[in-house]
Amino acid sequence: MESIDTNFQVLLPDPLSKDNSYLTVVSGNQDNTTILDCNLDARLKTFTYLKHSQQNENFLIEATRNFIKKQNFSELNELLDEGEITEEEYEIQLKDNPEKYFISLKNINSPDEVIVIANLVKRIGLNLRDFSTSEVSEMFSVKENQLISHVNNLRNVLK
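Under the working numbering, the first residue of the sequence shown is numbered 1262, with each subsequent residue one higher.
The set of hints was computed from the structure by calculation and includes no laboratory data. Everything hinted at is true.
List time: in silico DSSO-like cross-link candidates among lysine-lysine, alpha-carbon distance up to 27 angstroms: (1) Lys1330 - Lys1361; (2) Lys1356 - Lys1331; (3) Lys1404 - Lys1312; (4) Lys1330 - Lys1404; (5) Lys1331 - Lys1367; (6) Lys1356 - Lys1367; (7) Lys1312 - Lys1383; (8) Lys1367 - Lys1330; (9) Lys1331 - Lys1404.
Starting from the given sequences, assemble the full structure and let the hints guide the process.
This is the structure in structure tokens:
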């Protein structure tokens, strides 16, 4: 197995310095040295943007999956109502394939997630309709009581 020699050194900003917004990465040896200064503010903004984008993607995927589950459940109910399947076949489908028909609600991990959800709800419902908290909860698989609690806490902070 071939190994790669890494000779990077990270120099953290001097806390006593007036300009401590840069992180310095040094690579090399006595003959050849490369120094890369990284602005910490830019790195933080990039990290925040990437985290926000990932949260958006995760919630949109969850909302799409939940839409499909609702459609599957409606189709199964329609088959039962039209007599194409028996009550027993209906129950078996639900029991054997819960991931296909049921939406699981999860905990909200941070107030940031509520902000992402609120932004997505605003963009999804734009001039089409308003959503109830139970619909938002189901759409994004989050617990309604936590959603309400976080929204109220955010309102209090913004007052």
